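**Student:** Okay, here's what each chain looks like letter by letter:
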Amino acid sequence: MPNATNIALIPLLPLAGFILLGLFGRKYGKNKAGLIGTALLLGSTLLALYTAYDYFFVYGKVNGVYQQFVPLKITWLAFSKEMSIDMGLVIDPISVMMLLVVTFVSLMVHIYSLGYMKGEERFPTYYAFLGLFTFSMLGLVLASNIFQLYIFWELVGVSSFLLIGFYYDKPSAVAASKKAFIVTRFADLGFLIGILVLSYFSGTFDFQTLIARLTSPESNEVKTAVASTFLGVSALSWGAALVFIGGAGKSAMFPLHIWLPDAMEGPTPVSALIHAATMVVAGVYLVARLFPVFSVTTPAVLEIIGWVGAVSAIIAAVIACTQTDIKRVLAYSTMSQIGYMMFALGVSHYGGEAGLGYTASMFHLFTHAMFKALLFLGAGAVIHSVHSNEMKDMGGLRKKLPITHFTFLVACLAIAGVPPFAGFFSKEEILLAAYQHNTPIYWVALITSGLTAFYMFRLYFSIFWNKPREVPGEHSAATGNHGEGGFVMMLPLVLLGTGAAAAGFIPFGEYVSTDGKALESHFHLSFSIAPVALGLAGILTALWMYAKASDRPAKLAASLGGLYRAAYRKFYIDELYLFITKKILFNLVGRPAAWFDRNIVDGLMNLTGNTTVLVSERIKKFQSGKVQQYAIFFLGAVVLLAVLFIYVWK
Amino acid sequence: MMEPGLYHILFISTALFFIGVLGFLTRRNLITMLMSIELILNSVNLNFIAFNKYVWPGKMDGLFFTLFIIAIAAAEAAVAIAIIINLYRSSQSIDVNNAEDLKY
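Heads up: the sequence lines are chains A and B, in that order.
So for the first sequence, the numbering used here puts the first residue at 1; every next one is plus one.
So for the second sequence, the numbering used here puts the first residue at 1; every next one is plus one.
It should be emphasised that the hints constitute simulated quantities derived from the structure, not laboratory data.
Here the structure is a predicted model, which is why all the values come from computation and not from measurement.
Heads up, some of the hints might be wrong.
Taking lysine-lysine pairs in the DSBU-like style, the calculated list, with each CA pair at most 35 Å apart, reads [what the hints assert, rightly or not]:
| # | chain 1 | residue 1 | chain 2 | residue 2 |
| --- | --- | --- | --- | --- |
| 1 | A | K223 | A | K61 |
| 2 | B | K53 | A | K650 |
| 3 | B | K59 | A | K650 |
| 4 | A | K73 | A | K223 |
| 5 | A | K548 | A | K399 |
| 6 | B | K103 | A | K626 |
| 7 | A | K118 | A | K400 |
| 8 | A | K582 | A | K570 |
| 9 | A | K400 | A | K32 |
| 10 | A | K620 | B | K103 |
| 11 | A | K548 | A | K400 |
| 12 | A | K61 | A | K517 |
| 13 | A | K399 | A | K570 |
| 14 | A | K32 | A | K118 |
| 15 | B | K103 | A | K621 |
Cβ pair distances, simulated, as ranges [claimed, not checked]:
| # | chain 1 | residue 1 | chain 2 | residue 2 | range |
| --- | --- | --- | --- | --- | --- |
| 16 | A | Y647 | B | I49 | 27 to 35 Å |
| 17 | A | V627 | B | A15 | 17 to 25 Å |
| 18 | B | A78 | A | K27 | 46 to 54 Å |
A few chain A residues that don't get close to chain B, going by computed Cβ distances all over 12 Å [to be verified]:
| # | residue |
| --- | --- |
| 19 | L23 |
| 20 | S84 |
| 21 | S228 |
| 22 | T229 |
| 23 | G232 |
| 24 | S388 |
| 25 | A518 |
| 26 | K548 |
| 27 | A549 |
| 28 | L588 |
| 29 | D597 |
Even glycine gets a Cβ: it sits at the ideal position worked out from N, Cα and C.
Build the full structure now, drawing on both the sequences and the hints.
**Tutor:** Take a look at the structure:
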């Protein structure tokens with residue numbers, strides 16, 4: 001049986017870190033803050049490892065099916081007998097898998113930041129925020145109640161906002177943090193309405209009960225929910241679609257992805273933790289958590305999810321090919337990979353072999369967390385060394401940063417889907433699932449996987465090969481000798497590199513599947529030929545174009561003309577949003593509202609204020625300070641009242 | 001000789017009351033004002049005793065009220081004199097016209 005104390009401690013330790021460092025860090029723990037945060041998180045990680053071992057190998061499996069356990073549930077706000085907001089812990093395959101991912105990546109980032117953020121003015125605050133984020137993310141993962149999930153969902157949004165805007169004296173960082181917050185918050189509005197719709201029809205907030213009630217087509221709840229329609233679509237579909245909008249906002253799915261590239265203004269380890277490995281996959285996790293509802297009751301919404309994922313995957317991959325800021329390339333790559341996870345869920349069905357997409361999606365989430373965190377941390381090491389995000393300032397760094405170079409190469413191979421690295425296995429499963437259930441999406445995915453290999457190796461060659469721009473020695477003379485960071489920065493790279501290389505060999509289907517039964521993962525050699533060949537073609541193209549400095553990229557860009565420019569400007573989606581908000585919303589809604597506020601609302605306030613001032617000016621002389629005068633007024637008033645009561649009102 | 005009745009006592013207490021009010025409103029010396037307040041309180045006491053004796057002869061309520069008022073008057077006098085002493089220390093005078101700092 002799961003041990004509730006152990007599991008509860010996993011999120012509570014980072015919370016303790018947040019409170020300790022947040023309250024006392026700046027005064028006492030200037031240098032110790034990082035170590036305290038890391039030590040607490042190490043505790044969490046060990047507990048998570050123990051929990052995972054215990055669940056997967058000791059008690060989790062009953063009759064060959066992984067069960068869902070709720071070892072702890074505290075009713076927090078009860079609206080009625082059935083409707084209550086609980087704080088609970090759920091232990092099932094995906095939550096345990098996410099526990100591992102979140103604690104492990106967070107630990108790596110904690111260790112890495114010891115070196116990367118060293119000497120930073122707000123070092124303790126940084127670790128406090130990391131603790132807050134880790135706590136919220138773990139709470140989200142373990143939520144047993146849809147409202148609990150929503151609370152932690154907003155908490156991760158807040159900590160993401162705080163960390164993106166960590167360098168708050170930089171205007172672009174402030175703008176980026178606001179953008180991220182507003183866009184995700186806007187999406188969360190949909191999520192909240194979705195929660196209310198789903199829970200209204202199911203009569204509960206509890207995940208287990210909600211799923212059970214909404215997945216049996218004969219139940220009264222489903223019947224009423226399907227019967228009531230809005231704009232010709234059943235209420236249940238609306239609820240599911242609105243919940244997905246929340247997930248799409250958090251996971252940066254098209255067209256709500258605009259905040260993710262800007263979020264790269266935050267410190268690089270934060271990008272690795274929040275905007276690559278954990279928080280952005282919360283949307284995928286949400287869809288996976290409610291997967292039975294999506295797949296059994298509202299397959300149309302699942303179809304939409306699939307297409308949103310596929311479109312995001314390919315658009316992001318195209319944009320990533322043209323960006324020059326290495327963190328932005330990685331951001332678009334993240335969006336593309338999350339698109340993979342989304343459409344893998346979208347093409348999946350519930351139960352048995354047809355649930356391959358679900359397993360594949362979770363598998364890809366797991367491997368992606370490894371190699372994408374590694375890529376970001378590697379990019380961090382590069383940025384740490386050259387003090388620039390731009391590709392043109394890099395080149396030829398392979399001698400200077402050997403460990404970073406090697407681990408980065410491993411991660412690139414993994415994400416490009418080259419066997420036997422981790423990404424190969426998970427991507428093959430996703431492609432297979434798409435091939436079996438939705439051929440158009442399969443073709444989109446196949447093209448995307450070629451593009452992925454191309455842009456990742458474009459990044460790799462531009463950073464580590466190409467021709468160095470400066471004369472050797474000049475750079476290091478200007479900025480001091482910046483080699484690789486110390487041991488604390490290299491250790492996470494090596495550990496994550498091991499994960500990125502080897503995680504693919506985990507027989508994931510045995511542990512995670514739609515119905516808890518082990519899923520046989522077949523390996524089709526003939527099927528793998530096409531994606532691997534495309535991947536290699538992408539790598540070779542990148543090699544041809546970027547291995548040595550040449551005018552080939554410029555020529556190709558020129559020959560593509562408009563398409564290249566459009567991709568470089570991110571297909572003008574930011575501009576479109578700006579047009580809608582600035583030109584339309586501000587002028588038609590904002591200005592009248594501002595006028596109303598300034599003239600009517602403020603006018604009323606000023607009127608009451610001015611009247612009060614005027615009247616009190618007139619009557620303040622009554623307050624003369626003469627006791628006997630007061631006594632006369634008092635006496636007069638008493639006599640008056642006496643006369644009134646005796647003769648007038650009887 | 002006529003036996004004094006309720007009206008006689010009420011007349012005295014009313015006279016006392018208005019003497020007190022007049023004193024409170026016209027005298028400038030704080031001690032004299034305090035004494036005027038005592039006159040007002042005592043007129044009330046007389047009323048209580050008189051009504052108790054002539055209207056509800058079997059009851060004690062009026063007497064208790066009187067006792068309470070005497071006790072409170074003692075406390076009030078103590079507080080008032082403390083205030084007067086402090087005023088004197090700060091402004092070397094117990095004229096009520098000098099104590100008018102608490103105004104707009």
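**Student:** Please go over all the hints and tell whether each is borne out by the structure.
**Tutor:** Structure-based check of all given hints:
Our distance criterion of 35 Å between C-alpha atoms is met by K223/A and K61/A, whose separation comes to about 34 Å. Between K53/B and K650/A the CA atoms are separated by roughly 28 Å; this keeps the pair inside 35 Å, and the hint holds. For the hint linking K59/B to K650/A, the alpha-carbon distance of about 29 Å falls within 35 Å, and the restraint holds. With a C-alpha separation of about 29 Å, the suggested pair K73/A and K223/A falls inside the 35 Å cut-off, and the hint holds.
Restraint check for K548/A and K399/A: the C-alpha separation of about 16 Å stays at or below 35 Å, so the hint holds. This hinted pair checks out: K103/B and K626/A have alpha carbons roughly 8 Å apart, not beyond 35 Å. Of the pairs offered as hints, the one joining K118/A and K400/A holds, with about 21 Å between alpha carbons and a cut-off of 35 Å not exceeded. A threshold of 35 Å between alpha carbons decides the hint, and for K582/A with K570/A the separation of about 19 Å falls inside it, so the pair holds.
Distance hint between K400/A and K32/A is fulfilled; the C-alpha atoms sit about 30 Å from each other, no more than 35 Å. For a cut-off of 35 Å, the pair hint linking K620/A to K103/B stands: about 9 Å separates their Cα positions. Distance restraint check for K548/A and K400/A: the Cα-Cα separation of roughly 17 Å lies within the 35 Å cut-off, and the hinted pair is therefore satisfied. Between K61/A and K517/A, the direct Cα distance comes to roughly 9 Å. Compliance with the 35 Å bound is thereby established for this hinted pair.
Restraint check for K399/A and K570/A: the C-alpha separation of about 33 Å stays at or below 35 Å, so the hint holds. Our distance criterion of 35 Å between C-alpha atoms is met by K32/A and K118/A, whose separation comes to about 11 Å. Between K103/B and K621/A the alpha-carbon distance is near 8 Å, which keeps this suggested pair within the 35 Å criterion. Against the hinted window of 27 to 35 Å, the Cβ-Cβ separation of Y647/A and I49/B comes to about 29 Å, which satisfies the hint.
The supplied range of 17 to 25 Å is met by V627/A and A15/B, whose beta-carbon atoms lie about 24 Å from each other. For the pair A78/B and K27/A, the supplied restraint of 46 to 54 Å holds, since their beta-carbon distance comes to about 51 Å. Interface exclusion of L23/A from chain B stands, the closest Cβ pair being 44 Å apart, more than 12 Å. Once the 12 Å rule is applied to beta carbons, S84/A is consistent with being away from chain B; the minimum gap is 56 Å.
At roughly 66 Å, the least C-beta separation between S228/A and chain B is larger than 12 Å, which holds for a residue marked as non-interface. For T229/A, the non-interface assignment is confirmed: its Cβ lies about 68 Å from the closest Cβ of chain B, beyond the 12 Å cut-off. No Cβ of chain B approaches the Cβ of G232/A within 12 Å, the least distance being about 70 Å, so the stated non-interface status holds. Distance to chain B confirms S388/A as a non-interface residue, since its nearest Cβ pair spans about 67 Å, more than 12 Å.
A cut-off of 12 Å between C-beta atoms confirms that A518/A is not in contact with chain B; the least separation is 86 Å. Chain B leaves K548/A outside its interface by the beta-carbon criterion, the shortest separation being 87 Å against a cut-off of 12 Å. No beta-carbon of chain B comes within 12 Å of the beta-carbon of A549/A; the shortest separation is about 83 Å. Listed as outside the interface, L588/A is consistent with that label: its C-beta sits roughly 50 Å from the nearest C-beta of chain B, beyond the 12 Å cut-off.
For D597/A, the non-interface assignment is confirmed: its Cβ lies about 35 Å from the closest Cβ of chain B, beyond the 12 Å cut-off.
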